[in-house]
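Could you use the hints to bring the two separately framed chains together as a complex?
Chains C and X, in that order, are what the protein sequence lines are.
Heads up: the first sequence begins at 1 in the numbering used here, then just goes up one per residue.
Heads up: the second sequence begins at 511 in the numbering used here, then just goes up one per residue.
Simulated from the structure, these hints should not be mistaken for laboratory data.
Some hints here could point you the wrong way.
[Stated by the list, open to error] Straight-line alpha carbon distances no greater than 27 Å define the calculated DSSO-like cross-link-like pairs of lysine-lysine that follow: (1) X/Lys599 with C/Lys293; (2) X/Lys838 with C/Lys353; (3) X/Lys645 with X/Lys671; (4) C/Lys293 with C/Lys408; (5) C/Lys404 with C/Lys343; (6) X/Lys599 with C/Lys353; (7) C/Lys203 with C/Lys136; (8) C/Lys404 with C/Lys460; (9) C/Lys17 with C/Lys7.
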Amino acid sequence: MTAEHAKADAFFAAMTKVLGADGVNRAEETLRRYGENTMPAGDRRPLGVVYPRSTQDVQAIVRAANSHGIPLYPISTGNNIGLGSRSACEAGQVVVDLGYRMNRILDIDERLGFAVVEPGVSYQMMHDELMRRGNKLMLDVTSGPPQGGMIGNALDKGAGYTPYFDHFGFSCGMEIVLGTGEVLRTGDGALDAADLVNWHTSKYSFGPILDGLFAQSNYGIVTRMGIWLLPRPPAIQSFHFAFPDDDDLDEIIELCRPLKLSNFVPTLFRVSNDLYLCGSEGESPEYRASGGKRSISDAGRRALRESHGLGAWNVSGAFYGPSAEAVAPMIQRVRDHFTRSGKARYIDHDSAKAIPPLQVAINAFSGVPSLGELGLLKWRPGGGNIWFLPGTPMDGKIANAFQKICRKIYEDFGLDYTVMNVCGPRFARGLHVITFNRDDADECRRADECYKAMSREVAKRGVFVGRAPLDYHRFHMDQAMPSYRNACGAIKRALDPNNVIAPGRYGITA
Amino acid sequence: MRTNFTAEQLVDPSLREAARIIGTCDHYGFCTNTCPTYVLTRDENESPRGRIELIRAMLEKGGTPDAATVRHLDSCLSCLSCMTTCAVKVDYMHLIDHARVHIQRHFRRPLLEQMLRALLAFTLARPRLFAALLKARGLARALSWAMPSVLRNMLDMIPQKLAPSRALAAGTHLSKAGTHRVALLAGCVQQVLNANVNAATLRLLQRHGCDVVISEGAGCCGSLALHMGRADEARRLAAANVRAWCRDIDAAGIEAIVVNASGCGTTVKDLGHLLADDPALAENAREVARLARDISEFARTLPFVRPGGNFGFRVAYHDPCSIRHGQKIIEPPREILRELGFQVLEVPEAHFCCGSAGTYNLLHPDTATTLGRRKAQHIESVAPDIIATGNIGCMVQIGRFTRVPVLHWVELADWATGGAMPPALRHVALPPPQPLQPSIPDDGTPRPDVGFW
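For reference, chain X alone in the conformation it holds in the complex (with noise of 0.2 Å):
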């Protein structure tokens, strides 16, 4: 795509990278295929190459940006299919990034939603604060009638019941074998809607010899921040990790930096890239990056231990974008589990975002909710007794839309590895698991429905 931007524009860095990703777009429109909001709408403005377009205009100009500029741009889910299924690997992820601080520092919303985003931001990256408010979620849908809207599709988010929040204590977790060390990101949404998860994580890799550190100032990864335009915020939040787990490289040595919710992964990543022009942080967030591992990347590693007993439940996978798309991994936590005994289920449609995204169902409800029910059917296609993914935000949001209990599938592996039940589970009246069969015989039994090999 050809770009006008003048010398003096190309001066700012953030500018000029916009440039450079802009002009790599050669207009295929594979993007087209797989971007949620032009597969529902089939707007040319609602697909990752009309919103190439829409930046480019937006920062060629420079400016207040148009309403309906800012309406295409704010309804991008930033799921990043688009980045796995563009021919010529358009750097999606960063464009979108830039386009949204340029709206955040020149559009003017209207209060009640400039307040809502800050409060989003605000709140979500302090688990205390989060937690504390949840605990008055119960006054809260008492007085939902004298809401907005938009609060009160916030409220109807929340799950229903919660597990205590417990937060993972700062320091080191010893493991009876000491035969790696990694920091786990404790993180700060997950933690408070479903603590298990870091619990699970926790003794999955204490059980295989992991000494785990929390790195004391480690919290929120930045990434709900920056992907609502609050580029300074999230530096600030990265660069409290940064400084928090080169403290701890530096003292005792980590070989991995792992990270059990992959919205946050994909951003931890990233951190050179979004503390580049930093000149006192840039080479140890590039350190930083070059550590972080999603759970499944570094489990894979691990011989697991198998206590015994039959897991055999049918587990349909759903792949959160930010893992799929944002950082390229699709079979490691499926071979863990299938390595556990579980049956892996595909469900169809499996590069398409269940309508979590970050804050996404927050703010845009309509098309969330669409997302979720056709992720949720897709997903019961398949007839599954638990549903497994790799992010909070999926499974908060596919569990909006059905009743099959929704897990992050660490809590499984935690279970089949000797861990108790994960909580999701204790109440559910699951089948009894069938022994393991192959969808195809691998002896090559002739089957009386299918093809004789």
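Chain C on its own, in the form it takes in the complex (with noise of 0.2 Å):
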């Protein structure tokens, strides 16, 4: 036996006895598929997963591996796909699964809004919650996976689109057990007391805010978290328009930005390509005649927008209020504002429910999960998909020129440009959709290249992604500047000194 099995084993002894033996799995076809990912790099095997039920557990797990100097790797639910999965950052670390036990809503104050949740609790569970009470609140979810973890995503930066988008933004209030096994809470639970009023309620109190150390970083693990709820709208009602042509995006940024500067319209905008939307409803028509080594021909694009009423870009936002005659004149006037020009093709609230991507926009707009999105996960066979997520600034002709650079990239390796703008006031987050043939060698190879060329070309006009998959975090993380680099270095040896806690993610190295 090796130093380092004896390690492991004496590492997975010590926690057998902690969490039980149901809390330990080491089976071959666990470990197979824990290391499954979407990324172009390939799988990356886990030594083993361990399955705590509370903070304590948690605690014993994060001693275990410092006495060991075993390293692990905290998920929530694992449904980060196209970002990582379960997956951990390189192969032989200890999946820390927060997602099976650790899964409870621990509270929901109805008055204040806001909820507190393990890492395990998913948007789904959260909205069949507050269904159960009443539909009196609602809560912003993503388009992806309703059984997506909240406080997973809001770590990760994630975002949805009500006007509680900002997942991270709008949480407040964590428990974290740090590299070293304490426990720390931040803003108001700092507060050496049993009794914490305001610990969910209130971001910024006394000391230095910590909560952003724990925002895509390796710096402890996240145990509990307060996420702020909205009252839930009597009425809502989406409003969409079709736009015929790729360089049509100037103009529709340009006609957003008012409306998000001064807040008119509540939601963010979802400015969708059209195979953003056509992708989630079946596979690419020509990639099996291609095999997959050119994009869709323009006259293919066109195909898909005529067969599900669609435009090369389309614009999704919704009104709440008291009732759809309340919010009527609001749509009428954003109506009027975009179709000034003639070129837009205005798609009502009841007509959009009938056009299933649409339909995930109200979804979205709505805080309901819903599955179809995931769809565009089968635009190419094989498995493959990545996200890249740069932004613009909310300036038409900037975007419209990142619109450009990209497409010619997804062109040049033979990859579809897939994209939906998610537009803000001042900033646009581009989550473009990298899917690709994991099975195929060559395409596994050009979805890497796409990224990286991507990332370097908008690095080079000052643009920085806001996530990324796994498999690129080291990649970003260079692209800083060294004294950030160095900062996050020493964080991670103040918090973290052996260094057990997901070593690697998101570039941190002690």
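Next up, the structure:
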């Protein structure tokens, strides 16, 4: 037996004592599947999986990891498809699966509009609980998997589409097990007291704001978080516009910006290209013919648009109010605004409900988890999927220039430009989907090169990514200025001196 | 998922289909999120993705499967929740059926289990025999101490009180108006365990202008046999139904074949697939499948009579998996109940199976009990007066874990449109029905505890 094996066996023996035999999983098929992901660089088999039930269990796991020199990799529900799934940064790490047993909704305060959850609580679970309580509050959801974890998404800087779209921004008060095994409470929870009144209502309490240290980092394992909830509006009415040409993005961004700067439209705008919407409805009609070597043709895109009643670009937003009648005049003003140039085709709320990709938008604006967008994953066969997530300022010319750059790179690598710009007042996050056949080595290589080429090109123009697939964390950290990297490393050494929590995640090294 | 079947193996149409389905799985793993057995165990082999891998290995190897594989495949509920959540829409329903047929043909189960499965397949499909056996349940309970645990479990499943079984007479049950003409599948188990479901369905349809044909020779849909891997038996039962319905379709026309047990409905809608290789019946089977409608789909098209009365009871609606995942019908039963004045309550974890799953709760009582308790807890958390669902299996299973009366929603619809109070409610002290209140006032009136709109 090697020293590494002995170390691992000692760690798992200790874990079995703490968690019970069913709290440790080293079955062959489990290791294989937890190592799977959708990225080009291949799977990464973990050393084992452990299932804590409580913060105390997590502390015990972290302490044992320190004692035995075992690297950990915490996941919430493991639904971060396209960004890493349940796969650890490196083979040989122990996955701490918080989703199995730490999935309790600890509190919901209906008067103050917040919930307190453990990492395994999914959007669907919270939605179900709010429905059970009479549907008075709604949560902001992603348009991704309904079983995605609320804490995991917030910590990875995920977002939705309602006024509470910023999932980390609308979180409040965390409990974290640091790399030392100590428990830290952030915000008002830092008060050394038993009863904490403002932990999940006040973000800005005495002392430095430490919460941000735990977003996209590997400094600790978050075991509890407060999440703010929006009172559910009696009426939610969406509006949609289809634009015919790729270059209409310039006009669209200019039209959206003023509506968001004043917050006249309460939701973010989903500005999706044809393939982002049509791609969820079936496999690329040209994939098999080209063997995946070429991007879909313009004629193919036109045909898809026609069959689904969509445009080259499609804008969706929504109003909230006391009734459909009450918001109708606001929708009319938006309609006048968008159709002034004569290019936009208006699609009303009821018509949109019959178009599945637009129903996804309605669900998202309504705080209803839905599965529709997962269909994008079958645009090409073979299960390869990564997301490139840069952003642009809400300036039409710049956004359109970025479109041209990225569209050309996709085409250079024979992939299909698939993007949704999620637009706020000043900034739009560009959700670029790279779907590829992971069983085809050449297509994997092209997906990888496409991702890196786009990253380099936008970086040359001063744009960084907001989130990234696990395969590219080191790549992106290397794009950061040295002092930023040094600061991240110094914090890592302070909070996780033995580098046991997700070594390598987000490119942060001790 | 890559497969490695030989060309010789792929001559077999079943293996060819299985290979095609397996090849569509991309291992995303969304299915694991909603698979009841994986959620309970975190065992990869207890997940759809893991089972697909096991099926691949079993079918590629051919011959006798190993016992562990059989155990993991047996423990699948066939709830099809995985198919709803799968990003690439793997046709798991047909794949697991192929696997079960292979197991049935190649695996020798312990003798007692073989006998039990044969008994279930034979008895449940024959309502008269099943009813006769149920009459002896008192004696059987008295002798239960001498029975193997598996038989004791089965006895425990039988409701304490059973209304007399009344089979609907074959022939046409005319309505006053005669606006529609539909066939109704009288089924097998349901008419024995709760005769009022068929009776209420018949009354509801007749009251709303439907002449209802109970086709001579139509009976068990075959799904119970199919899910136990007895494909030949399932096809025989299905073929009998197709012949019976086609006779009536040819004779006088039928605009829909209405099914009020959703497990059966899923199978009837899939008859085109089940009988695809039967040259004499394939086309007729496709026609039957085309005409098949869950009662909620058909009833939603009817303009209901409303004789009056307040039915504002709190009704928790439980989606049977066969209707939510198998047939993708979610809103129609809820819409009907709301239209008829009931307050429909949404139950958390609605996508999750109650553990009934055909004969699953008879063959896997431990898992079924865990799931049944979990479902009942979720349902009771919304404090319902009544639980409504759309499948007899769910009714029996949920009824084991709650004191709240469990009905088929069609019994409530019959009651609210002029029928008698359902038998299951006659001896229940229901609270006074509440006037209907939308959960959110539609006039935008601000409430003290939520936002101002």
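Which of the stated hints cannot be reconciled with the structure, identified by number in ascending sequence? none
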